[in-house]
Amino acid sequence: MGNPITNSNQDPLSATNPPSNAAIPMYPGASDLVRQVAGQALALRGLTKSFGGKPAVDHIDLDVPVGSFFGLVGPNGAGKTTTLSMVTGLLTPDEGRVILAGVDVWTDPTAAKARMGVLPDGLRLFERLSGPELLSYLGRLRGMPADVVAARSAELIRVLDLDEAGNKLVADYSTGMRKKVTLAAALLHSPAVLLLDEPLEAVDPVSARIIRNVLSRYTAGGGTVIFSSHVMALVEGLCSHVAVMAGGRIIAAGELAAVRGSAPSLDDAFMHLVGAADVEEGGLSWLGSSPA
Amino acid sequence: MVGVFASLKWRLVTSRLRATKGATRAWLIVLAVVLAIVVGFLAFGVGTLRLVPEYATPILISLFALQLVGWMLTPLLAFGVDETVDPARFALLPIRPQTLQVGLLTTSVIGFFPLANFVVLIGAAVALGVPWSVFPVALVCVVLQLLLCVVLSRAASTSMSALMSSRRGRDLGMALGLVIFLAYMAFVTLINGPNQNGGALQSGVTGAASVLQWTPPGALAALPGLVAVGDWGSAALSAAIALAGLALAWWWWSVALRRSLVTVPSTTAGSSPAGRGHADTSIGVGVAGTARVVAGRDRVLVWRDPMRRMPWLMLIVLTVAWPFLVVHGKGAVFAVAFGAVFCGAQAGNQYGVEGSGLWLHLQTITDRVRARGEVVGHAITALIPGTVVVLVAIAILAVVRDDYDKFPAAIGVCLAALMGSTAAASYLSARVPYAQPQSRKSLFASSVPGQKGRTLIASLGLIGGGVLVALPAAVATVLSMTVAPVWGWVALVLGLVCGALALWIAARMTANRFLDQATEIFAVVSAGDRV
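If you're matching them up, the sequences are chains A and B in order. Per my numbering, residue 1 is the first one in the first sequence, and the count goes up by one each step. Per my numbering, residue 1001 is the first one in the second sequence, and the count goes up by one each step.
Isolated chain A, as found in the complex (with noise of 0.2 Å):
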């Protein structure tokens, strides 16, 4: 997998010599890698991250073709979200590659980055501003013009049912509107890979449906997306590539019916992968007997 990329486990602002996207050189066979996974929106390569000497991410590899619906599941505490985070360039890996649309994300983060629009799951926005105000500033940011920033944004505004949020700020929005004006924000550049961390996680169904048809749009469109959950059945209604995490590791990834095989549903197919098993009969049986 050419040389690692390594970082420090030490305290990161304490350390002398900082990793940095400056101090990581351009390893033989960097391009030779770029031209091996030219058809996938999303390649990885031995991408590793460990926490106080506990892996949470383990050498994974995974493809993710252009133009697929791709999910990402797994249990809780699977290494999703620490995937998805060096993905995004939120995290610094401790080892491996990541290829998003063409472009080594650790090498070139200011190119790839342009090319990929992110909803992470449990991070704070600029709170004081309103959506439109933020939606304005971020694309502002990104070098876009300011008139193409306000027809873009008033139309995600529109199709996102985001209009009621008017002058209402973001520290103000319930957490439909939240994961909306976010995905409008990853949306605005036009980005070839949408990454979406638990994007419909305690959003209500209207939000939902609307978030998913956007989704669907996008990837008609000719866009990847690739998100995590842990709710099955909207994986399975939704996509068509899947990739099982569990302690660390991608345990099963290809298209939806493959990974599903015989079993009766993805949720069938994924209890058996992780290896989980139902609450056994006769346990628990003091539970509803009499209050503490």
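In case anyone wonders, no lab produced these hints; they're calculated from the structure. Note that CB positions come from ideal geometry on N, CA and C, so glycine has one too. Treat each hint with caution, since some may be false.
Label-pair restraints from in silico Cβ distances [to be verified]:
no., chain 1, residue 1, chain 2, residue 2, range
1, B, Trp1010, A, Ser216, 50 to 58 Å
2, B, Ala1288, A, Asp108, 18 to 26 Å
3, A, Gly52, B, Gly1003, 28 to 36 Å
4, B, Gly1022, A, Asp268, 46 to 54 Å
Some chain A residues near chain B, calculated using beta-carbon distances under 8 Å [said to hold, decoys possible]:
no., residue
5, Leu90
6, Thr110
7, Arg115
8, Val118
9, Leu123
10, Arg124
11, Arg128
12, Leu141
So these bits of chain A aren't anywhere near chain B, every CB distance computed over 10 Å [to be verified]:
no., residue
13, Thr48
14, Pro109
15, Ser136
16, Arg142
17, Ala192
18, Ala220
Based on the hints, put chain B in the right spot on chain A.
Frame of chain A; chain B shown alone:
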């Protein structure tokens, strides 16, 4: 049940020490010893008032009252510092409110802060217990004083907790900081006023004590003296006032507690909607373009966000009024440099202000040009209003104090201090970033647990930066007074050149550091989301 509360609090108090090891633990122990010595000295100092009994009682009456006010205001300014005193944490447990109140009282008196207060109060008991036969009375009084402080502080914070959990309430709470600051200014003016015959302070304390001794804390401080002289009528009245105060505070707390357990405050009531201002059309291309985009957002937020607005209101008072009121005679213009340093501090912790919201910049600011633009944008948001405030302050002082000859040197020194602290604040944003609590419960809760040291280093560092950059101009200023007035103009030029140079270097170094350490900075500042 009280034992459970006590052990819970004890575990929380000691968990920090248990969680650390090696050098950090050693430093914590050293710090604790140093603090213990400081508190011991304070207690000894208060105890020595015993040697001057005629002053001991009036001084301690005022101190007891101040202590109580301090206890009441601290949780309002930094509510949420201690989860064991937050009633919402216990709302779902099957505990009667009376039991809960006693339990919360127990948790409130266990801790470093109450212990330090108690040690100093022992010193007060020594000072008040003259002759030694009334020392037991004084001891009972100081225990009651600590209880009064704790109970009233809890009552105030519990009744405010509903308000402080909504954004609107927290925004209003920001104003409290300004009120306290203005009260401090008024206090300074009072004791430092035109009546400077040396007796003002003494007569002020005696006068205040004669009123304050009829309040519960004052009555507790006065009681041992009254017992000592056998004034039983006044002593009984003082005891009644103190006990009534304590009972009233207990009742207030119990009412507030019962209400807070069954009321869910609105958490989404907005304070200030976004205005429909003119659309900013600047584009993030090049350093200047990016700086304009970033500064445009900062400008909006300084008006809209109380966390950013209130410091500027305080700074106007600190820079314009403080030298005017406190520094007498000629040369007051140079005191403006003090406020100038803190104006520059408004560019501080640029990457930590928005908590994990920094990810939006991580996605968009990816090259050195934009990163420099961002630093410059934040810096000019501090520099432009800072320069206006500093120049106005210098102009007013120069006119009122007839200090025209010091005008150029003062501008040189003060603007150098402003630009120097802005430059240092910018660089320290990337070098020593720290998480800011995003719950915004307090204007002064500026750091999160475990990052207090970082906050302190960043704060002291920017002051040091301001002083360092202003040093050449300050040397020229001294020469203008000792050698020739023309050095004043040299100070002006030196100040501007050094300031500009510091800013230029800081913008480059900050941007480089940010790009090199972006993910690490992001990890540090994201901790603010949890507080």
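Hint-by-hint comparison with the structure:
1. Trp1010(B) to Ser216(A): 50 to 58 Å: Given about 56 Å between the Cβ atoms, the range holds.
2. Ala1288(B) to Asp108(A): 18 to 26 Å: holds (25 Å)
3. Gly52(A) to Gly1003(B): 28 to 36 Å: holds (35 Å)
4. Gly1022(B) to Asp268(A): 46 to 54 Å: holds (50 Å)
5. Leu90: Holds. Min distance 6 Å.
6. Thr110: holds (4 Å)
7. Arg115: Interface hint status for Arg115(A): violated (11 Å vs cutoff 8 Å).
8. Val118: holds (6 Å)
9. Leu123: Result: holds, 4 Å to nearest chain B Cβ.
10. Arg124: At 4 Å from the nearest chain B Cβ, Arg124(A) passes the 8 Å test, so the hint holds.
11. Arg128: holds (5 Å)
12. Leu141: At about 4 Å, which falls below the 8 Å cut-off, the nearest Cβ of chain B leaves the hint on Leu141(A) intact, so it holds.
13. Thr48: holds (15 Å)
14. Pro109: violated (5 Å)
15. Ser136: Incorrect as stated: the minimum Cβ-Cβ distance to chain B is 7 Å, not above 10 Å.
16. Arg142: Violated: least Cβ distance 5 Å, not greater than 10 Å.
17. Ala192: At roughly 15 Å from the nearest Cβ of chain B, Ala192(A) sits farther out than 10 Å, so the non-interface label holds.
18. Ala220: holds (25 Å)
When each numbered hint is compared with the structure, violations occur for hints 7, 14, 15, 16.
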